[in-house]
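Sequence lines, in order, name chains A and B. Position 159 of the first sequence, counting from 1, maps to 158 under numbering that gives the first Met the number 0, and the rest follow consecutively. Position 96 of the second sequence, counting from 1, maps to 95 under numbering that gives the first Met the number 0, and the rest follow consecutively.
FYI, nobody ran anything at the bench for these hints, they're computed from the structure. Bear in mind the structure is a predicted one, so any value in this text is a computation, not a measurement. Where is the CB? At the ideal position from N, CA and C, for every residue including glycine. Don't take every hint at face value.
To be verified - Pulled a few chain A residues facing chain B out of the computed Cβ check, cut under 8 angstroms:
hint	residue
1	648
2	728
3	729
4	730
5	801
As the list claims (entries may be wrong) - Label pairs and their computed distance ranges (CB to CB):
hint	chain 1	residue 1	chain 2	residue 2	range
6	A	304	B	97	43 to 53 angstroms
7	A	342	B	169	33 to 43 angstroms
8	A	786	B	114	28 to 38 angstroms
9	A	395	B	40	51 to 61 angstroms
10	B	185	A	336	41 to 51 angstroms
11	B	114	A	782	34 to 44 angstroms
12	A	25	B	60	46 to 56 angstroms
13	A	439	B	18	23 to 33 angstroms
14	B	95	A	385	54 to 64 angstroms
15	B	173	A	336	30 to 40 angstroms
16	A	439	B	137	20 to 30 angstroms
17	A	782	B	169	47 to 57 angstroms
18	A	25	B	116	47 to 57 angstroms
19	A	768	B	97	52 to 62 angstroms
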Amino acid sequence: MKLVRDIQVAIRSLFRFRTDAIINVVGLSVGITISIIVLLYVRTELNYDRHFSDYNDIYRVVTEGYIGDDYFNSAMSPVPLSAYLKNNFIQVDKSLKIVRGINKLVSYGDKKFNEDNFYYAGASFFSVFDIEIIKGEERNLLLSAEDIVVTQSTAKRYFGDDDPLGKRLLLDNGLEFSVKAVCEDFKGNSHFHCDFIASDNAIRKLYQWKNPEDVEEAMNNWLSIGRYTYIVAQDTVGLEKRLNDELRLIIETQIERFEGVDSGVGGGLKSMGFRLQAIKDIHLYSKLENELEPGSRYIYVVLFLSVAFFVLVITCLNFINLTTARASQRLREIGVRKLMGGTRNALFVQFVVEAVTYSFIALFIGLVLVELLLPGFNMLFDLNLKIDRQGSSVDLIYVTLLTFLVGVVSGLYPAISFSGYNEDVIFKRGAALGKKSMMMRGVLAGCQILVATFLVIFSLGMFWQYQYLNHKDMGFVSKNILVVERGHALGKKFSEVKAKLKSIPGVVSVSACKHMIGKEAPLQSFKFVDKEGERMVLLPYNYVDKDFFKTLQVNFVAGTMWGRTDQKMSHDIVVNLKAKEALGMSKPLGKKINYMDASSQDYGFSIVGVSKDFHFEPVQLPVRPLLLLDLPKGSFYDNLLIKISDDASAEQLVGEIKQLWKANTDNEPFEYVMMDELLKSNLVEEQTVLKMIVLFAILSLFVAWLGIRAFAAYVTELKMSDFEIKKILGASNVQVFNELFVEVGQFLITGVIVSIPLSFVVLQLWLEGFAYYSRIPVFVMFAVAVAIFGLSFLFVLIHSSRTIKVSPFSKSS
Amino acid sequence: MLQVKDISKEYRNGELVRVALSNININVNPGDFVMFYGPSGSGKTCLANIIGLLEYPSSGDLIFMDASVTELSERDRLLFRRGKIGYLFSESRLIEELTVYENIELPLVYLKMKKAERKTRVLKVLEDFNMLHRKKQFPKDLTAVQKQKVAIARAIVVEPSVLIADEPTGNLSTTEGDEILDMLSVVNESGITVLGFTHSGKVAGRGQKVVQLIDGHLVRENLLK
Numbered sequence: 000m001k002l003v004r005d006i007q008v009a010i011r012s013l014f015r016f017r018t019d020a021i022i023n024v025v026g027l028s029v030g031i032t033i034s035i036i037v038l039l040y041v042r043t044e045l046n047y048d049r050h051f052s053d054y055n056d057i058y059r060v061v062t063e064g065y066i067g068d069d070y071f072n073s074a075m076s077p078v079p080l081s082a083y084l085k086n087n088f089i090q091v092d093k094s095l096k097i098v099r100g101i102n103k104l105v106s107y108g109d110k111k112f113n114e115d116n117f118y119y120a121g122a123s124f125f126s127v128f129d130i131e132i133i134k135g136e137e138r139n140l141l142l143s144a145e146d147i148v149v150t151q152s153t154a155k156r157y158f159g160d161d162d163p164l165g166k167r168l169l170l171d172n173g174l175e176f177s178v179k180a181v182c183e184d185f186k187g188n189s190h191f192h193c194d195f196i197a198s199d200n201a202i203r204k205l206y207q208w209k210n211p212e213d214v215e216e217a218m219n220n221w222l223s224i225g226r227y228t229y230i231v232a233q234d235t236v237g238l239e240k241r242l243n244d245e246l247r248l249i250i251e252t253q254i255e256r257f258e259g260v261d262s263g264v265g266g267g268l269k270s271m272g273f274r275l276q277a278i279k280d281i282h283l284y285s286k287l288e289n290e291l292e293p294g295s296r297y298i299y300v301v302l303f304l305s306v307a308f309f310v311l312v313i314t315c316l317n318f319i320n321l322t323t324a325r326a327s328q329r330l331r332e333i334g335v336r337k338l339m340g341g342t343r344n345a346l347f348v349q350f351v352v353e354a355v356t357y358s359f360i361a362l363f364i365g366l367v368l369v370e371l372l373l374p375g376f377n378m379l380f381d382l383n384l385k386i387d388r389q390g391s392s393v394d395l396i397y398v399t400l401l402t403f404l405v406g407v408v409s410g411l412y413p414a415i416s417f418s419g420y421n422e423d424v425i426f427k428r429g430a431a432l433g434k435k436s437m438m439m440r441g442v443l444a445g446c447q448i449l450v451a452t453f454l455v456i457f458s459l460g461m462f463w464q465y466q467y468l469n470h471k472d473m474g475f476v477s478k479n480i481l482v483v484e485r486g487h488a489l490g491k492k493f494s495e496v497k498a499k500l501k502s503i504p505g506v507v508s509v510s511a512c513k514h515m516i517g518k519e520a521p522l523q524s525f526k527f528v529d530k531e532g533e534r535m536v537l538l539p540y541n542y543v544d545k546d547f548f549k550t551l552q553v554n555f556v557a558g559t560m561w562g563r564t565d566q567k568m569s570h571d572i573v574v575n576l577k578a579k580e581a582l583g584m585s586k587p588l589g590k591k592i593n594y595m596d597a598s599s600q601d602y603g604f605s606i607v608g609v610s611k612d613f614h615f616e617p618v619q620l621p622v623r624p625l626l627l628l629d630l631p632k633g634s635f636y637d638n639l640l641i642k643i644s645d646d647a648s649a650e651q652l653v654g655e656i657k658q659l660w661k662a663n664t665d666n667e668p669f670e671y672v673m674m675d676e677l678l679k680s681n682l683v684e685e686q687t688v689l690k691m692i693v694l695f696a697i698l699s700l701f702v703a704w705l706g707i708r709a710f711a712a713y714v715t716e717l718k719m720s721d722f723e724i725k726k727i728l729g730a731s732n733v734q735v736f737n738e739l740f741v742e743v744g745q746f747l748i749t750g751v752i753v754s755i756p757l758s759f760v761v762l763q764l765w766l767e768g769f770a771y772y773s774r775i776p777v778f779v780m781f782a783v784a785v786a787i788f789g790l791s792f793l794f795v796l797i798h799s800s801r802t803i804k805v806s807p808f809s810k811s812s
Numbered sequence: 000m001l002q003v004k005d006i007s008k009e010y011r012n013g014e015l016v017r018v019a020l021s022n023i024n025i026n027v028n029p030g031d032f033v034m035f036y037g038p039s040g041s042g043k044t045c046l047a048n049i050i051g052l053l054e055y056p057s058s059g060d061l062i063f064m065d066a067s068v069t070e071l072s073e074r075d076r077l078l079f080r081r082g083k084i085g086y087l088f089s090e091s092r093l094i095e096e097l098t099v100y101e102n103i104e105l106p107l108v109y110l111k112m113k114k115a116e117r118k119t120r121v122l123k124v125l126e127d128f129n130m131l132h133r134k135k136q137f138p139k140d141l142t143a144v145q146k147q148k149v150a151i152a153r154a155i156v157v158e159p160s161v162l163i164a165d166e167p168t169g170n171l172s173t174t175e176g177d178e179i180l181d182m183l184s185v186v187n188e189s190g191i192t193v194l195g196f197t198h199s200g201k202v203a204g205r206g207q208k209v210v211q212l213i214d215g216h217l218v219r220e221n222l223l224k
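Same shape as in the complex, but just chain A (with noise of 0.2 angstroms):
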């Protein structure tokens, strides 16, 4: 009864000094929500690919070694990997290689559509990742060339409520494949996903044109790094060490090989090694070549975390900090309430009672705001985050205790500061506060707006960098520049409608390559002769069409584009100036360099143009040397660039081209994206922090205002005497006032002040993590920090005006 009797009481007195209960019950709802949405979002960073059964136990062997003198390392393995560990590591229980087959044009009947998640598997796939196959036979699955599972929402897409069981579906690359299951979506947060798993048999089939050796060739070469390797093991002590050491002879057998019986490995491919990754560990700590989806950072985690942790704690501070401000309030009804014979036990519980009843009504409304809030924050900031419905009651448990304690901690204080008074000092002396609690409050209140002046700056410095970067030179202009996905459908029409496309008004120039510029370029390694002998290299290349450097107008600095016959690959290469200095070559016109394609056949190329150098990978990466090379027999261009002019209408070129397009391939999908908007879809991360930040730099600002509120409540109260005294001896508001702010901005400034350098330190470490940087300039930092002050002083003001304004006695007539 007396638990019910303090609730009401605490209700009553919610309803009683309703502003400050307002602001007391809106900050830790506040503070409730922005903690259980970065907890909803760290949960999901560090539950990525947890939800796989043997998640524990699941390694993904990633590549890493030396050609030349340049280290690579790659998420990928070499072909014959996965079979070796199955056969020979009894501690294996199941190994699988899985291959990506990237843009690939699936069709069913007239439904045509692009797949950029269609993977190619071995038949232990679902035994390692176990997904759930919704429908169709669950075992034996992946074993026949022909076998098929796709996921339903891919089942949905391609045949409606037609039972997808048996259903044909067909490949641009002429593979045909039959549907044996439909398995469940992939969750989101897997480090990969996949809408189809074809069996990867089928993939021998796309080597039938060679002859069945050199297909066993290619399926043994080691040195071909081509498939992702996954291995379930439960025991890995000394299995990487092994699996080095018996492969060591292995892959150098072939490398010399590859380089001729007497170059030795000294030259070239100079060490080859594995490493397990445990796939919980891929997400956010994984930076390889070949990574099949972005991953994010740890630090990030970190970051929100601490922001979710801080957020709570001054929620809870700022609680004790408003409940205590108002000390005089309350004292007199502890004075009385001891007088008729309350024990401080009883008050102690009261308090507390009261806290943790603001604090549940803080998460009523809390929770009512992240159901409200939630979608709109994932689509925000491009996430995919739900409370977990299925393990709700765990949530909910959670979220109940979370609240409780925040409660507890909020009520613990002014529960012992305020039962502790004695009521003979409460009506003797009056309701005064204590002096030596200021120090703490001003400490609290500087940090709190340390805080938001940091993260002001910081989202500030973001910003500057993210603009930067979204208008850095790249050295080529990307504008107007429309980029055809799927190029390689023209097949060999391309420089038939090449031509067309040039012809119509409006096309400037027309061009195409095989890797995407804005994407990270893939690595080769090259042999060429330099003073010091035959050297091998490993370097970025394209297969760009001849009119590439026109379309993107990047120029040379010495030689020129090869001469283009279309009956065969030019022997010519172009390179980059990173490239040229890269290689040590003072004048490397030509120059011969040399590569072996997967088909080990040997190419020898002569360098015939240097071009400037431009970013032709995301431009967060430095510039690297870049080869750029004819398209080989055979191959096709996988993007054309069509540059079309400023005054042309690009609604009504596109149309044209369209057209064009489907009339010189099988009537497949067109889909193009203009080129600036793929260059900024790399800065999608950046913008998804920035976003982030910029949120709880606002939300640290509220967070800072409830602080500097309760502060100069603090103040003004502990002062008011002083105040009043000081208005009948003639000092006016506005001296009154600047002497409260004096009190109070003297720990706010100390917390603007040291923000600068903190935030100067804090973005420096950030920037340093991108090849290129803009700092913003300090002369920013310090206005953003005087401000931000001002703005304290504005907070400061609007709080206390009113109360210095009354005058001095008419509260005690």
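Since chain A is already given, all that's left is putting chain B on it; use the hints.
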């Protein structure tokens, strides 16, 4: 110098109306030592605040040095009060963080007086009150009567025309109270009009003129001396 004409004061709290003062009329001449005497709740503090320009009356007129000050804005009242009215309360209300010297100097600071002049004035008052040796002490180091002396010094350092003393001996023993009343007499003799407010008949007897208040009404205006 001070005329209180038909001053009334009402406090409203929703529909509740409490009359604190009702049609008060008083004339105070320069150099008077008037004691307002009445029991608790008679309206003394309210009248002190109205005469001291800390509160507005509900009706009536207040004439200070031949000028009506009733309708002055808050700001004009402040400007008028500065240097013309000194205040003394039952509690000394010294500022704990300031020394004796700084407490006395405070009203001069608000008058924006130059430092040298402030110093001359403060030191003179301290000397007159025989407290020069205490100028660097903080209020916590003083006895109640010493604090009240500093409060008087602070009130008269601006050389006001009027000193309003609301229960100036309220927190003191009889002996200490007498000491303070003696000082008020000295202040009055120096030419400052003193308006005292007390519930004690004995204290009221120290005034040249006694005005008695009961339940907000002026009961008697008596020239004792």
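Return the numbers of the hints above that this structure violates; sort them in rising order. Going through the list in order, the structure violates hints 1, 5 and 13 and respects the others.
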